[in-house]
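Peer 1: Below, each chain spelled out in residue letters.
Number of protein chains: 2
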Amino acid sequence: MRRFIGVDEIEDMALGATVLGAGGGGDPYVGKLMAIEAIRKYGDVELITPDEVPDDAVVVVSQMMGAPTIMVEKICSGLEPMATYDEMVKELGVEPYAIYAVEAGGVNSTIPFILGATRRIPVVDCDLMGRAFPELQMTTLGINGVKGQPAVLADEKGNTVTVRAIDDRWLERIARQATSVMGGYTILASYMCTGRQLKDFAIPGTPTLCEKIGRTLREAREMHADPIAAVLEVTRGHRLFKGKVVDVERNTDGMFVRGRAVVAGLDDDKGRELVIEFQNENIIARADGRALCTSPDLIMSLDMESGTPVTTEGLKYGARIVVVGMPCDDQWRTPEGLAVVGPRAFGYDLDYVPVEELAATEGGR
Amino acid sequence: MRRFIGVDEIEDMALGATVLGAGGGGDPYVGKLMAIEAIRKYGDVELITPDEVPDDAVVVVSQMMGAPTIMVEKICSGLEPMATYDEMVKELGVEPYAIYAVEAGGVNSTIPFILGATRRIPVVDCDLMGRAFPELQMTTLGINGVKGQPAVLADEKGNTVTVRAIDDRWLERIARQATSVMGGYTILASYMCTGRQLKDFAIPGTPTLCEKIGRTLREAREMHADPIAAVLEVTRGHRLFKGKVVDVERNTDGMFVRGRAVVAGLDDDKGRELVIEFQNENIIARADGRALCTSPDLIMSLDMESGTPVTTEGLKYGARIVVVGMPCDDQWRTPEGLAVVGPRAFGYDLDYVPVEELAATEGGR
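Listed in order, the protein sequences are those of chains R and U.
Quick note on the numbering used here: the first sequence kicks off at 668 and runs consecutively.
Quick note on the numbering used here: the second sequence kicks off at 668 and runs consecutively.
Bear in mind the hints are in silico, worked out from the structure with no lab data behind them.
Note that beta-carbon positions come from the ideal geometry of N, C-alpha and C, so glycine has one too.
Hints are not guaranteed to be accurate.
As the list claims (entries may be wrong) - Simulated crosslink set (DSS-like; lysine-lysine; CA at most 30 Å straight-line):
| # | chain 1 | residue 1 | chain 2 | residue 2 |
| --- | --- | --- | --- | --- |
| 1 | U | Lys757 | R | Lys814 |
| 2 | R | Lys824 | U | Lys757 |
| 3 | R | Lys824 | U | Lys814 |
| 4 | R | Lys757 | U | Lys814 |
Unchecked claim - Just so you have them, the derived chain U footprint on chain R, three or more residues with Cβ under 8 Å:
| # | segment |
| --- | --- |
| 5 | 952-961 |
| 6 | 982-995 |
Just chain R, same shape as in the assembly (with noise of 0.2 Å):
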């Protein structure tokens, strides 16, 4: 049965997506708005399965790159997506059959709808992160040796920029000062790959989950029932922490968005307290001196009362969370993906645990 995406499953998706962007991906705000904007002029959005793209034909990522606190303020000009699409068009030298989203997240689970409305091109069903990733090397095509460029950047002036780089470390380093000078964010055409390799490597089904996670933490406000229960459920998560925002240093560099969050501990939790350290996306959560979630597994704040995700840009004193740790795609596990995402990949001096034993040792909590 095909499958269309149209307003509301917008809405439900990019509230899902936050919740999987582990802080990062970008308030969902600002994308949202694009893509319900896009489809109430062109039209709902077909989503197909990885399984309908023949193997042969080509599909790319539209994505947003950079400090998602950059965008929430200096916002898009709408055309960005197109424009790096009909560069990467001219680039390839062949139509794609489908675009699909780089990762989970606010803002890069509803760009490839701006493009796929305005253009009529079906968006594929899956991701490369499962979640949200701070840099462009951390893809499930990237750890299995399959190159992330050509990659066309644009920004909201009106520059574009084509990457083609010698590898996908040399790609972010080069898009990254780029977007930089571009202003802090740009809006990418990347991840070109075959459906052959879509089908072989990609985490099919994101987006449902997106839209899935979105839908049951609004349907648990509607009843008044308990969101963040709703949330662990149909995430296989794990309630970590809970209590109060009481530091957050922020620092946005011009490529990242860097910091620290220290909460203070609430009801069970009183008298503890949790720091989590973050590059866009929450990479690690410590209390009492040991982790307690660490990437590649997703770490997450959700209002205490509303279970809505707090992305690491929205975090401020006085918030009320429940922190939350959700165990990652078993692709990230391997010693091919702890490489790429792993604790020491970001810099910290850890074994990489899986946020199941990590909640068992701690009792259940």
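The hints should help you fit chain U onto chain R, whose structure is shown.
Peer 2: Chain U only, in chain R's frame:
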């Protein structure tokens, strides 16, 4: 009569271009060797006049961008001019009729001949500065409203980047950042324009003038004549100062080589002190609290004995030099030209006074 540039002409041209490089444009050694290698392998390169380019034909520049100090230590792979040319052809959809140089300067005067020899494409006898300047928007095309983009950048590792900017200042910003992260310098294909625009706005004859200056200098040395007097005659230049370099501050920030040299006077200038400030190129020369020469006029250090031009990266303690000032092309002396390359464009609170007027006030020293 058809004219060809071979190894001997390249030798003279590289030497003379370093004089017109005004301290910048790169050390001639590496660029010259690369051009000679290509000419030995593929044959001499035809040098045509701007008048020989059909009005509607397309021409492009082959050039180096970045800090010349880095290029001396981390040399090219040798493939960059061809890699950027091929991407430019793909970008434009047409084969250029000819190649030309963006500026006079040790490296940038010879790079077009690498591509010309390798691909059997003529080089046009013109440039866009009549000297060297440090930033991409500083061209006679630019002050006449012709944009220097698209531009394709390549590094020695094999990364390429295509920049399509809304104006030359954005081109400069984006390409400069990309160049910085790609390793401090890149080779570019750039300044696509038509034969008509070249005839209207380029400075004709600069490569031939470079060759003439180099030949004059070489012959003066061979005949034990005064090489500096010979250079001054052919460039309509002025002797500004004679002395010994007693201090050099040089700072490579990954984008430009900025700094200053202090020269203690000798002979007629004994007891005086000259300060040269540079940003890749020499921008201003001052003594006794007044300017002796400022951009866009050319300031050049020549070895006191041999007349060999000393670029800013070659300046060192103890060097005995004669500092000369040469009038720039008249296009730079217009309000449009001075807005882009006058002293104020480089941050100096000074009005431009032509070097010949300053020299007359100085008493014809």
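Peer 1: Next, verify each hint and record whether it holds.
Peer 2: These are the hints, each one checked on the structure:
For a cut-off of 30 Å, the pair hint linking Lys757 of chain U to Lys814 of chain R stands: about 21 Å separates their Cα positions. This hinted pair checks out: Lys824 of chain R and Lys757 of chain U have alpha carbons roughly 24 Å apart, not beyond 30 Å. Of the pairs offered as hints, the one joining Lys824 of chain R and Lys814 of chain U holds, with about 16 Å between alpha carbons and a cut-off of 30 Å not exceeded. Between Lys757 of chain R and Lys814 of chain U the CA atoms are separated by roughly 21 Å; this keeps the pair inside 30 Å, and the hint holds.
With a threshold of 8 Å between beta carbons, the proposed coverage of the segment 952-961 of chain R by chain U is violated, since 0 of its residues qualify and at least three are required. Coverage of a stretch by a chain is defined here by at least three residues with a beta carbon nearer than 8 Å to that chain's beta carbons; for the segment 982-995 of chain R and chain U the count is 0, and the condition is violated.
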